[in-house]
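Trainee: Grab the two chains, each in its own frame, and use the hints to assemble them into the complex.
Chains A and B supply the protein sequences, listed in that same order.
First residue of the first sequence: 1, per the numbering used here; consecutive thereafter.
First residue of the second sequence: 1, per the numbering used here; consecutive thereafter.
Hints listed in this document are in silico derivations from the structure and should not be mistaken for laboratory results.
Incorrect hints may have been included.
Stated by the list, open to error - Label pairs and their computed distance ranges (CB to CB):
| id | chain 1 | residue 1 | chain 2 | residue 2 | range |
| --- | --- | --- | --- | --- | --- |
| 1 | A | Arg74 | B | Thr372 | 55 to 61 Å |
| 2 | B | Gln497 | A | Leu129 | 53 to 59 Å |
| 3 | B | Trp439 | A | Glu190 | 57 to 63 Å |
| 4 | A | Arg123 | B | Val488 | 39 to 45 Å |
| 5 | A | Leu132 | B | Gly410 | 35 to 41 Å |
| 6 | B | Asn286 | A | Arg33 | 37 to 43 Å |
| 7 | A | Val142 | B | Thr526 | 52 to 58 Å |
| 8 | B | Glu415 | A | Leu34 | 15 to 21 Å |
| 9 | A | Ser172 | B | Arg277 | 21 to 27 Å |
| 10 | B | Leu433 | A | Leu146 | 45 to 51 Å |
| 11 | A | Leu132 | B | Thr526 | 53 to 59 Å |
| 12 | B | Gln484 | A | Leu129 | 42 to 48 Å |
Built from N, CA and C at the ideal position, the CB exists for glycine as well.
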Amino acid sequence: MMLSLLLLAATAQERFEAGDAAAAQNLLEKSPRLSDPVWRYNRAVSAHAAGRLGRAMADYEWLTLRDPEDDAVRINRLLARLDRGAGDDAEPPLGQLARLPLRTIFVFGLLAALVGLLRLRQRDALFRLARLISSLSIFLLVMHHLLLALDSRTVTVQERALLERPEVKARSLLEIPEGNLLDAVETQDEWVKVRTGSGVMGWMKSGDLIELSGEEQ
Amino acid sequence: MRLLWLGILIAAPAQALQVVAEIEPAPARAGERVQLTLRVSSDSRAAVKVQDLGLGSFSLISKGGSSSSTQMTFSGGRRNVVHSSVHRFVLRAPQSPGEYPLGPVKVSAGAQVGQSAQVPVRVVSAGDVVRGAKNTSEELFVDFTVDPPEPFVGQQFTVTAHVYSRVRLEGVADLDFPEAKGVWWEQLENPSRAGSEVVVYSGRRYRRHMVGRIAGFAEREGELVLTGGEAAVQVMQGDLFFGGLKEKTLYANPVTLNVQALPSDARATQVGRYSVRHGYIANRLNLGDVIELKVTVKGDGNIKAFPLPEVRLAPGLRGFTPKRDVVMNEGSTLIGGTLTWVLPIQATVPGKHRLQAMDVRWFDPDKQSIRTARVGPFEFDVVGTLAVPKGDPAAQADSGSAHPLRGPIGSFRSERMTASWLAHPGAILILALLVLLLWLPRKVRSAAGPEEIRRGELELALEAALGVPVRGLGRDELLDQAAQALGVERAAELDEQLSALDAAAYGPSEQTAEAIKARLVAWLGTSS
Chain A
1 MMLSLLLLAA TAQERFEAGD AAAAQNLLEK SPRLSDPVWR YNRAVSAHAA
51 GRLGRAMADY EWLTLRDPED DAVRINRLLA RLDRGAGDDA EPPLGQLARL
101 PLRTIFVFGL LAALVGLLRL RQRDALFRLA RLISSLSIFL LVMHHLLLAL
151 DSRTVTVQER ALLERPEVKA RSLLEIPEGN LLDAVETQDE WVKVRTGSGV
201 MGWMKSGDLI ELSGEEQ
Chain B
1 MRLLWLGILI AAPAQALQVV AEIEPAPARA GERVQLTLRV SSDSRAAVKV
51 QDLGLGSFSL ISKGGSSSST QMTFSGGRRN VVHSSVHRFV LRAPQSPGEY
101 PLGPVKVSAG AQVGQSAQVP VRVVSAGDVV RGAKNTSEEL FVDFTVDPPE
151 PFVGQQFTVT AHVYSRVRLE GVADLDFPEA KGVWWEQLEN PSRAGSEVVV
201 YSGRRYRRHM VGRIAGFAER EGELVLTGGE AAVQVMQGDL FFGGLKEKTL
251 YANPVTLNVQ ALPSDARATQ VGRYSVRHGY IANRLNLGDV IELKVTVKGD
301 GNIKAFPLPE VRLAPGLRGF TPKRDVVMNE GSTLIGGTLT WVLPIQATVP
351 GKHRLQAMDV RWFDPDKQSI RTARVGPFEF DVVGTLAVPK GDPAAQADSG
401 SAHPLRGPIG SFRSERMTAS WLAHPGAILI LALLVLLLWL PRKVRSAAGP
451 EEIRRGELEL ALEAALGVPV RGLGRDELLD QAAQALGVER AAELDEQLSA
501 LDAAAYGPSE QTAEAIKARL VAWLGTSS
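If we strip away everything but chain B, and leave its shape as in the complex, we get (with noise of 0.2 Å):
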C-alpha cells in the first residue's frame, strides 16, 4: 500500500467547521486518476457545499458522490451533536513529475464556512518503481505478472492479477489491469472461484488469490512499461460484529516487459503456433462448376487478424469473395482457434487449368523462426459441359444419353387453333383497320340549314339537266348553257323560274321560296 498523506486542518476556534482532505494514491504517477476525499465534521445541520477544491495543477474528471452521518454524545449533561459527511472526487495528476500543492479545500455549511490545510502532492514518472508500494502494506497487496516477459511482436503476453493478503479477502469489487500505448488486449475466461494459495513473499506467509487474467499482443518492438494496475478489494476487519467488510483500493507497480523485434519478413498478425491445412479440388470438373479451395489454420496467437495470402488467378478462372470464418478457443489461457478461409472459383473456359500455389506463412515464437506451409498448385481439367444449375429439372436430363426420350404429349392438330387465328397476320390486319377508323377525323358535316341543302339540291338538278358544273357560272353562261342543252324555250322558262325564285328569296312574293325551288327541281328533273 502506497504511503497516504494525510493533512488535516483543525479549524481555528471561530469556525465551526472541521475539513480534512486526503489525497490517494500518494504519490501519484504523471497523469494517474487519484481520489480526493474530504471529510467534514460540523455542528450546523445545513448540507455542506464545496466552495472550491482548490486543483492547482489538478483537474477534475468526476465526482465521486458523499455520504453523510450524525453523531450524538451526552457529556455533564450536556447534548453534543456533530454532522460529519464525506465527498469523493477524482483527479488526474499532472503530467510531469515534481511537487504540486492540492487545496485548500474551502467548504461552507450554512453560515459556516471552512478549509482543509494544503495538502502537498509528489507525483512521480508513469514508468517508476514506488518503493515499497508493493509491500508496505504489511497485510494487503496487489501484484500483476507478465507472462512472457520477453514477447515478440505480436506474440501473447498474459497478464495476471494476484492478491496477497494476510487477512481475510472477501471479494474484488473492481480490477483494473496495467496499460501502456502500443497494445491490444483480448479478454481471457477469468477464473469464477480465485484460488488460492499460501506462498512465502519477503519471509512473510501470504495467501495469494489469483483475481484476473488478461492478454496482450504487443504492436512494437523495445521496452513496454505497463502502469495503473489496481484492484479494490473487499476484506474482513475485526469481526462481523464489531468489525465488518471495508473496501480498499490496491495499487500495483509498473510491470516492465522487454517486446523483441521480429525478422523483416514477418508481421505482428503473423506470430503465432499454428497449423495449416488445406482442401483438395477435384481434377476434373464441369464448365461453370463452383469449386471451393479451402484452408484452416489452426493454433495459437492472434488468429482473428491472421493474414492469408492473396491468391492470382489464370484467365479462365474466376474468384468470388472469400468467406473467412474464426472460431475462438474457449476456457484457454491462450488466445487462439481455428480460422477457415474458402474461396469460392469458378472455371469460366474449359482446358486444363492450374491453380497456383501459395504460401501461408507464421512466425513461431517457440522455434524463434519463420514456418510456411505450401497449398497447392492445384491442376484441373474442365470439361465444356455447361453448368447445371441445381434445382433445374432440365438439368437432370443432362447425364447424356442414359435416360430414355421423353417425346411430345399428345397427337398431330387437324385443325388450327383459334388462337393461332387471332395471332395470324390478316386478323391483326382487320384490327387495324377497326382502330385506324377509330382515328379517321370526324366526317364534317355541313352546319348550312335546310335552304343551302335545298340549294344544293337545285345545284344537283341543274347539273343533271344541263351536263356541266354550274357552280360559278353566271347567269347569263348559265342560260347560255341550258339554251345549248334544253332548247331556247326551256331556257326561256328557267329564266322565268330563276327570277321568280330570286324574287321569293330576296323581296315579296306570294309563294314561298321553297316551294318555287322544289318545282324548279322536279320541272330539270323531267326536262332532263
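The following block holds chain A by itself, in its conformation from the complex (with noise of 0.2 Å):
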C-alpha cells in the first residue's frame, strides 16, 4: 500500500516537473491524505501551477495555518494570491494567534520542559520558570489546534458574484475572485452565506467553494 502511494507521488512529480501539474494534481487526488503537510503542499503547487488557484489558495492557507514559518508555503502563497488579484480575504478567528511561530514555540516549550524535568528532585526557581514556559506553550499549542478546529473559512473556486440573497437572480453585491477566503456564516440547502474579509455578507453556492479544512462543500 505504501509503496504504492510512493509511486503514485513520484509520478505525479514526473508529471509535474514535464509540465503537467493539473495531471500531477490528479494523480494525488486519487489517493488523497488531506492531514499530511507533504501532499498538501505538493497538490497545492500542482492546482497553482495548473492555474486552480482557489484549490492552491485553499492548501496554502492551510499549510500556512500549520507553519507559518514555512518560507516555501508563505513565497508561494503570495505568487498565488498575485496571480489571483487583489481579494478581501477573511482572517482566521483571532488571526493573530493562528499565525503564531509555532515551530519557535514548540522548540522553547520543549527545551523549557527538559530543563524542569532535570530540575524536578530540587522544584527551585529554574524548575518553575521552565514549568511556567513549557506550560504557557502548550497553552498556546493547544490554543491554536482549537482554533484551526474552529476555522470555518471557505476559498471561491472560481470568481462569482456575492449575491444579496439564495437566490440566481439576486442583486449581486460584488464580485469575488477566485482563492478569495470567505466566512462561511450560514448554510441553506446548496446555498452558503458568507463574509468577505471587510464584512461585507452575501451568499453564493455552495459548489462554488471549497472548504479549508479539505474538500468542496
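Mentor: Structure below.
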C-alpha cells in the first residue's frame, strides 16, 4: 500500500516536472491524505501551476496555519495571491493567534520541559520558570489547534458574484475573485452565506466554494 | 484740529510750583480716549509727584510717561534756574454728553506743592460732528472716507485715510481707523510710500496724502457711525536748525454709512462678486474608489466665510470630511481670493449612483440680486470590483486575465519538513505529557526511619509467607494464619522470634532488634 502511494507520488512529481501540473494534481487526488502536509503542499503547487488558484489558496492557507514559518509556503501563497489579483480575504478567528510562530514556540516549550524535568528533584526557581514557559507553550499550541478546528473559512474556486439573497437572480453585491477566502456563516440548502474580510455579507452557491479543511462543499 | 482747551493757573506768589493742565481733544466724544498733559515748572530740583489728578467723571486708562528739562538764565548778575517737567495721562471721557470739570490737579516737588486750575471739558455724543474739526487747523487735518457709502450687509466697504497738509508732512507715526460695533475688519495692504496729490479744499490748496486703508464688512443693516479715527503725524516746523520735527495728533469726524439690507434669503457671508466652477466625476468607478467632488469659488468678497451647501449623499455613498482651502488675493483693494472645497466620496455598494445637484448661491451687490450656480447632478456606475490599494503588489495583478500566471516556486516535497513534525498533534501530545509531569505533585517520600522501613520489609515478608495481608491483624490472628500456612511448629517458631523481637525492641536484649528482624525476614523467605 505504502509502496503504491510512493509510486503514485513519484509519478505525480514526474508529471509536474514534465509540465503537466493538472495531471499531477489529479494523480495526487486519487490517494487523498488531507492531514499530510507533504501531500497538501504537493497538491497546492500542482494546483497553483495548473491555474486552479482556489484549490491552491486553500491548501496554502491550510499549510500556513500549521506552520507560519514555512518560507516556501509563504512565498508560494503570496505568488498565488498575485496570480489571483486583489481580494478581500477573511482572516482566521483570532487571526494573530492563528499565525503564531509555532515552530519556535514548540522548541522553546520542549527545551523548557526538559530543563524542568532535570530540576524535578530540586523544584527550585529554575524549575518553576521552566514549568511556566513549557505550560505557556503548550497552552498556545493547544489554543492554536482549537482555533484551527473553529476555522470555518471557505475559498472560492472561481470568480463568482456575491449575491444579496440565496437566489440565482438576486442582486450582485460584489464580484469575488477565485481563491478569495471567505467566512462561512450559514448554510441553506445549496447556498452558503459568507462574509468577506471587510465584512460584506452575501450568498454563494456551495459548489463554488471549497472548505479549507478539505473538499468542495 | 479741534479746539484745545487750556487751563492755566499761575501759582500764588507763595507757591513756587506752576502747574498747567491741558486736555486734548476738546470737546471730547463720549467714551473717547483723551490725553491729559501736565506741565510743571519749579525752582526745586526735587522730583515732581502728582498727588491728585482730580479725575471726577473721567477715568484713568494709563500713564503716558514724563520728561523733564532745566533752564538756566542770567539776569542782572543773578542766576535763575527753572526745572520743567511734562507728564502725560490717558483718560477715558464720560459715557454721556455734558460739561465735566477736570482737576484741579495737585502736584508736589519736595516741600513745594501746587495745583492747576480746574479744566472744564465739554463731552459730546459719539456720533456728533464736531464743527470745524476737519478744517479748523488750516495747515493740517485727517479725513477718513468710505467707499461705497451705502454698502449691503456683508459687502466690503473700504475706509481710506487721507492727511491734508499745507506744511511738510514727514510721516505718520500712528493711525487709528474709526470703528463701530457690528463690523468685521480685514486688513488691506497699505502703500509703502504714501502718494500725494494737490487738491483744493474749501478754496485752499492742500497736498493730500493717502496714509492707509482698511476693509470692513457690516453685519447688520441701518445707519452705522464709525468714530475714533485719528492719526499721529510728524511735520516739519521751521527748519532743521531752528525748528525740527513735531508730532501732532489729528482727530477726525465720525463717518456715517447707510448699510442696506440683504434679501431675506441671503446671508451676510454670501455677498460678493463670485464665479463658481466645479470638477467632474468619471461615469464609471471601481467599488471602493474614492472620488473627489471639487467646487471652486473665486472672486471678491468675504470669501473666508463663504458657506457651501451640505451635500446629501444617497445610500451606498460615503462622504469624508471635506477639505476647504482659501487663497487670498494679495495687493488688491478688494478682499477676495479663491476658495477650493473638496468632498471625498466613496461608493460602498456597486451599481448606479446619483449625486444630487446642489446650488451654490450668493448675493451680487453690483446686480443687487441673488445668483446661483448649480453643481451636478452626477451619475456614475460603480462596478463590483474590489478597491485596489495603491502600492499593493497584489493590486497590480488585478488587471484581469491579461497577465500571465506566475505559478509556484519550487517543486514537490518528498518528505515531511521537520517543522511540520513539530507542529504535529503527536509532538504536541508528547510535550503536553512532559509538562504534565512537571505539574504532578512530588512523590511522597516516607519520612520514616530505618526501623520502620525494616518493619515494612518484615510486613512484606510475612505477607509473602502467609499469603494474606497482615496489617491490622492481632498477634493471635497472625499466629493462626501462620499455623494454617506454615504449620503449627513453624507458627510456634514464628511466635518465639516475634517475642524475641519485642524483647529487643522494648526491653533488654543481647541481640539488637535489627538483627532479629533481619533474621526473621530471612527465615520467612525460606519458609515461603
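Trainee: Identify every previously stated hint that the structure contradicts and give their numbers, smallest first.
Mentor: 3, 4, 9, 10, 12
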